[in-house]
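Q: Listed below are the residues making up each chain.
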Amino acid sequence: MQDFSQSFLSALWLILSGDGDLWAIVILSLQVSLGAVVIAAAIGMPLGAWLAVSRPPGRRAIITVLNALMGLPPVVVGLALYLLLSRAGPLGPLELLYTPTAMIAAQAVLVTPIIAALSRSALEGLWDEYAEQLTSLGQSRLGAIPTLIRDGRAALITAALAGFGRAIAEVGAVLIVGGNINHATRVMTTTIALETSKGNLDLALALGSVLILIALLVNVAVSIVGRDGASPSGPSASGTGPQMAGAR
Amino acid sequence: MNAAVRHEALTPGGEAFRARLRVRGLRKSAGGVLRISIDELGLAPGGVTMVLGANGAGKSLLLRLLHGLVLPDEGTIAAPPGVQSMVFQRPVLLRRSVFANLDFALKIAGIGRAERHRSVRELLSRHGFGDRAGQPARSLSGGEQQRLAMIRALSVSPAILFLDEPSASLDPAATSSIEALIRSAARQGTKVVMVTHDPGQARRLGDEVLLLHRGRIAEQGPAAEFFAGPVSGAGRAYLDGSLYLDP
Amino acid sequence: MIKLIALCAGVSGALAAGLPAPLAAEPRAITVQSTTSTQNSGLFDGILPQFTQETGIPVRVVAVGTGQAIRNAANGDGDVLLVHAKPDEEAFVEAGFGLERRDVMYNDFVLVGPGDDSAGVRAAVDAPAALQAIAQAGAPFASRGDDSGTHKAERALWAAAGEEPGRAAQAWYRETGQGMGATLNIAAGMEAYALTDRATWIAFGNKGPLEIVFEGDPALFNQYGVILVNPERHPFVHAEEGQAFIDWLTGPRGQAAIAAFRANGEQVFFPNAG
Numbered sequence: 001m002q003d004f005s006q007s008f009l010s011a012l013w014l015i016l017s018g019d020g021d022l023w024a025i026v027i028l029s030l031q032v033s034l035g036a037v038v039i040a041a042a043i044g045m046p047l048g049a050w051l052a053v054s055r056p057p058g059r060r061a062i063i064t065v066l067n068a069l070m071g072l073p074p075v076v077v078g079l080a081l082y083l084l085l086s087r088a089g090p091l092g093p094l095e096l097l098y099t100p101t102a103m104i105a106a107q108a109v110l111v112t113p114i115i116a117a118l119s120r121s122a123l124e125g126l127w128d129e130y131a132e133q134l135t136s137l138g139q140s141r142l143g144a145i146p147t148l149i150r151d152g153r154a155a156l157i158t159a160a161l162a163g164f165g166r167a168i169a170e171v172g173a174v175l176i177v178g179g180n181i182n183h184a185t186r187v188m189t190t191t192i193a194l195e196t197s198k199g200n201l202d203l204a205l206a207l208g209s210v211l212i213l214i215a216l217l218v219n220v221a222v223s224i225v226g227r228d229g230a231s232p233s234g235p236s237a238s239g240t241g242p243q244m245a246g247a248r
Numbered sequence: 001m002n003a004a005v006r007h008e009a010l011t012p013g014g015e016a017f018r019a020r021l022r023v024r025g026l027r028k029s030a031g032g033v034l035r036i037s038i039d040e041l042g043l044a045p046g047g048v049t050m051v052l053g054a055n056g057a058g059k060s061l062l063l064r065l066l067h068g069l070v071l072p073d074e075g076t077i078a079a080p081p082g083v084q085s086m087v088f089q090r091p092v093l094l095r096r097s098v099f100a101n102l103d104f105a106l107k108i109a110g111i112g113r114a115e116r117h118r119s120v121r122e123l124l125s126r127h128g129f130g131d132r133a134g135q136p137a138r139s140l141s142g143g144e145q146q147r148l149a150m151i152r153a154l155s156v157s158p159a160i161l162f163l164d165e166p167s168a169s170l171d172p173a174a175t176s177s178i179e180a181l182i183r184s185a186a187r188q189g190t191k192v193v194m195v196t197h198d199p200g201q202a203r204r205l206g207d208e209v210l211l212l213h214r215g216r217i218a219e220q221g222p223a224a225e226f227f228a229g230p231v232s233g234a235g236r237a238y239l240d241g242s243l244y245l246d247p
Numbered sequence: 001m002i003k004l005i006a007l008c009a010g011v012s013g014a015l016a017a018g019l020p021a022p023l024a025a026e027p028r029a030i031t032v033q034s035t036t037s038t039q040n041s042g043l044f045d046g047i048l049p050q051f052t053q054e055t056g057i058p059v060r061v062v063a064v065g066t067g068q069a070i071r072n073a074a075n076g077d078g079d080v081l082l083v084h085a086k087p088d089e090e091a092f093v094e095a096g097f098g099l100e101r102r103d104v105m106y107n108d109f110v111l112v113g114p115g116d117d118s119a120g121v122r123a124a125v126d127a128p129a130a131l132q133a134i135a136q137a138g139a140p141f142a143s144r145g146d147d148s149g150t151h152k153a154e155r156a157l158w159a160a161a162g163e164e165p166g167r168a169a170q171a172w173y174r175e176t177g178q179g180m181g182a183t184l185n186i187a188a189g190m191e192a193y194a195l196t197d198r199a200t201w202i203a204f205g206n207k208g209p210l211e212i213v214f215e216g217d218p219a220l221f222n223q224y225g226v227i228l229v230n231p232e233r234h235p236f237v238h239a240e241e242g243q244a245f246i247d248w249l250t251g252p253r254g255q256a257a258i259a260a261f262r263a264n265g266e267q268v269f270f271p272n273a274g
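For the record, the sequence lines run as chains A, B and C. Following the UniProt record's numbering, the numbering of the first sequence begins with 1 at its first residue and continues without gaps. Following the UniProt record's numbering, the numbering of the second sequence begins with 1 at its first residue and continues without gaps. Following the UniProt record's numbering, the numbering of the third sequence begins with 1 at its first residue and continues without gaps.
Looking at chain A on its own, in the form it has when it is part of the complex:
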């Protein structure tokens, strides 16, 4: 293990020096996981907001199931999706198995419950605070969903980042539906698994550190963008409209 720092530096150097293969892997990892998070957020956030504001029958059961699904085993998701997408499966003719699209779908399935459950719990607190005021102003429950999503954006960004963390670190599902095919579906985690199975533990660990570094950079980038994006927007654009300063 004394070679670790050296391996880490060489893995980092491969990235910084623009090693094509490694860069392609890093970029594919980001594409797949960010794509999955975007899809999961588009489904999970409105779902979470809806559960926060409405009282449909079986709401407690839905929330319990959602919370349980946060711990969905990636391998099971991968396997289920494999059976669907396999050429012998019902969606076989789409020829999606062993493609990045399949990997995005698998991670989106994993991440949607996380984003939905975290959104629900965050927006429920906000709804407790806003409910009477919004109703008094004449807004319906469903009409309140976009308001909650907009005003709860700080918490929702955190939910999305939690989902991203889960997606980018996940290996079981993308390995099965992606196949870890070189130059096609190989991402950071499957590369790490492959290098581990080759016994290149130092390189695997170094790639793992690079993965952590990338996840950290994404978090930093999102929190910077999130801080700017959290400032009120809209009417400020109009001529003499007020200047918008950064919000909390």
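Hints are not guaranteed to be accurate.
As the list claims (entries may be wrong) - DEER-style ranges, computed between Cβ atoms: (1) A/143 x B/180: 43 to 49 angstroms; (2) A/224 x B/110: 36 to 42 angstroms; (3) A/75 x C/221: 32 to 38 angstroms; (4) A/54 x B/118: 54 to 60 angstroms; (5) C/86 x A/221: 34 to 40 angstroms; (6) A/23 x C/274: 38 to 44 angstroms; (7) A/67 x C/272: 37 to 43 angstroms; (8) C/221 x A/24: 55 to 61 angstroms; (9) A/221 x B/173: 41 to 47 angstroms; (10) C/215 x A/75: 32 to 38 angstroms; (11) A/128 x B/242: 56 to 62 angstroms; (12) A/67 x B/184: 49 to 55 angstroms; (13) B/114 x A/224: 32 to 38 angstroms.
Said to hold, decoys possible - Pulled from the structure, derived: some chain A residues nowhere near chain B, Cβ distances all over 12 angstroms: (14) 135; (15) 218; (16) 220.
Claimed, not checked - Under 10 angstroms between C-beta atoms, here's a sample of chain C residues computed to sit facing chain A: (17) 29; (18) 179; (19) 190; (20) 230; (21) 234; (22) 235; (23) 272.
These aren't lab readings, by the way, just hints derived from the structure by calculation. In this text, a Cβ means the ideal position worked out from N, Cα and C, and glycines have one as well.
Using the hints, position chains B and C against chain A.
A: Then chains B and C, alone, in the frame of chain A:
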């Protein structure tokens, strides 16, 4: 809306502020306890009605029932035509700018973008917020936040304004600025229904007093008469500070 | 210039291998379901670029255990199957999932274990005797336990040794349920014996205290075969390109490429296409 509740215009064609807010057979229970039980109630048209009573008498609940935030178990509430607004003890401002908070209310009221922006700018500068329009609303002081909530509630020119202890947590200066807004709203024809725990405030602002005791109306009448000599036992106990809710 | 030579070589190679006329349209990529040993040893990285350069056909390799590779191919999730479990491969063809099976190459299995060889495996006369020594000493043994080609070979050797480990809970016999590399990592970590194919072993980077303690018995022979997935069963199969790959692999160009491949400076696969 509960089918039992009818918000109807009592005097179609008449002036809105001359209409009475009228209640019949209103019942509301919570946790197996009857919290509000009012057989008959009509509030004076226009002016400021002060809802008084001990803690737990049902004042806030009555306000929410009248405003439609809480649905009654039974009974009818007939309100004059027009928009209603409400301001709460703790101002609920959106996590947006001062400007956006007012803009939001007008947008829900269905006012078009250009007119909305013009009104918001006009309101903000009239009330001294002109230079802070872009500031996050929640960075204002507590008193300023409540004042903004008042301005937002009044921005839609409500027929009725419900106030639930709007100055309970404010200092004297902020309280008097809120009271000034209330007076000016009442002058412009908005019917104000306000809960307060401060008899001095009730004296200063009230035209009419409604004393609630255990969810029922203990006394109702002109404020001057109530403070000169309450007719009910509860009213006398309230004024000498010995009205409690017996267990 | 070099490209031109490569092209000429490619064409002549293709002719020699009896390739059909050049493929009509833009060649489609093929998916090969194969085993971890071929991938982890670096064989595919070593020979596939040459094939793609000569034919224009990109090859995508899914490397899993032989058992899983066969099941994936049976589902039609691949065009070509390249694994090492001859009876299973023949059953695969028999069941109509694949067309003809062809030998490609071989190498051998070796028994690796801790250098101090506490079970005395080095002294064994043949492979079954070596396993008997491990069982009698109760020395830790890491088994793939994953229905892979190597696992099947290991089970056959235990049967030949008259042992049936893993039937009851035995502390010394550990089924990892994982790939060859993961199993070797575990064996290195707990100083256990393990059966591995030589190619994976030579390329493996985390040998730790492990060494080859037994090798050379003909029973340790490890044959790889290649099969085209039956396009009548799975119409999606890129049969033309898949057949081109099989013809190349079993023809002189591919066989030469396999023979020339080195892992850590050693030849680890020996071409033997008929």
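Q: If I claimed the Cβ atoms of residue 143 of chain A and residue 180 of chain B lie 43 to 49 angstroms apart, would that claim hold in this structure?
A: 33 angstroms, violated
Q: With a cut-off of 10 angstroms on the beta carbons, see whether residue 235 of chain C makes it to chain A.
A: 9 angstroms, holds
Q: Is it correct that the beta-carbon of residue 135 of chain A has no partner in chain B closer than or equal to 12 angstroms?
A: 6 angstroms, violated
Q: Can the suggested window of 32 to 38 angstroms be confirmed for the beta-carbon pair residue 75 of chain A and residue 221 of chain C?
A: At roughly 34 angstroms between Cβ atoms, residue 221 of chain C and residue 75 of chain A fall inside 32 to 38 angstroms, so the hint holds.
Q: Can you tell me whether the CB distance of residue 114 of chain B to residue 224 of chain A sits inside 32 to 38 angstroms?
A: For residue 224 of chain A against residue 114 of chain B, whose Cβ atoms are near 34 angstroms apart, the range 32 to 38 angstroms holds.
Q: Cβ-Cβ distance between residue 224 of chain A and residue 110 of chain B: within 36 to 42 angstroms?
A: 37 angstroms, holds
Q: Could you see if the CB distance from residue 221 of chain C to residue 24 of chain A stays within 55 to 61 angstroms?
A: Once the Cβ atoms are compared, 39 angstroms apart, the range 55 to 61 angstroms for residue 24 of chain A and residue 221 of chain C is violated.
Q: Can you tell me whether the CB distance of residue 128 of chain A to residue 242 of chain B sits inside 56 to 62 angstroms?
A: 36 angstroms, violated
Q: Does residue 29 of chain C meet its interface restraint, that is, does its C-beta lie within less than 10 angstroms of any C-beta in chain A?
A: 8 angstroms, holds
Q: Hint check: is the beta carbon of residue 179 of chain C less than 10 angstroms from a beta carbon of chain A?
A: Status holds, d = 5 angstroms.
Q: Go through the hint on residue 230 of chain C and say holds or violated, using the shortest Cβ distance to chain A against 10 angstroms.
A: Check failed: Cβ of residue 230 of chain C comes no nearer than 12 angstroms to chain A, outside 10 angstroms.
Q: Do the Cβ positions of residue 215 of chain C and residue 75 of chain A conform to the proposed distance bound of 32 to 38 angstroms?
A: 35 angstroms, holds
Violation of the numbered hints given earlier is confined to hints 1, 4, 5, 7, 8, 11, 14, 19, 20, 23; the remaining hints are satisfied by the structure.
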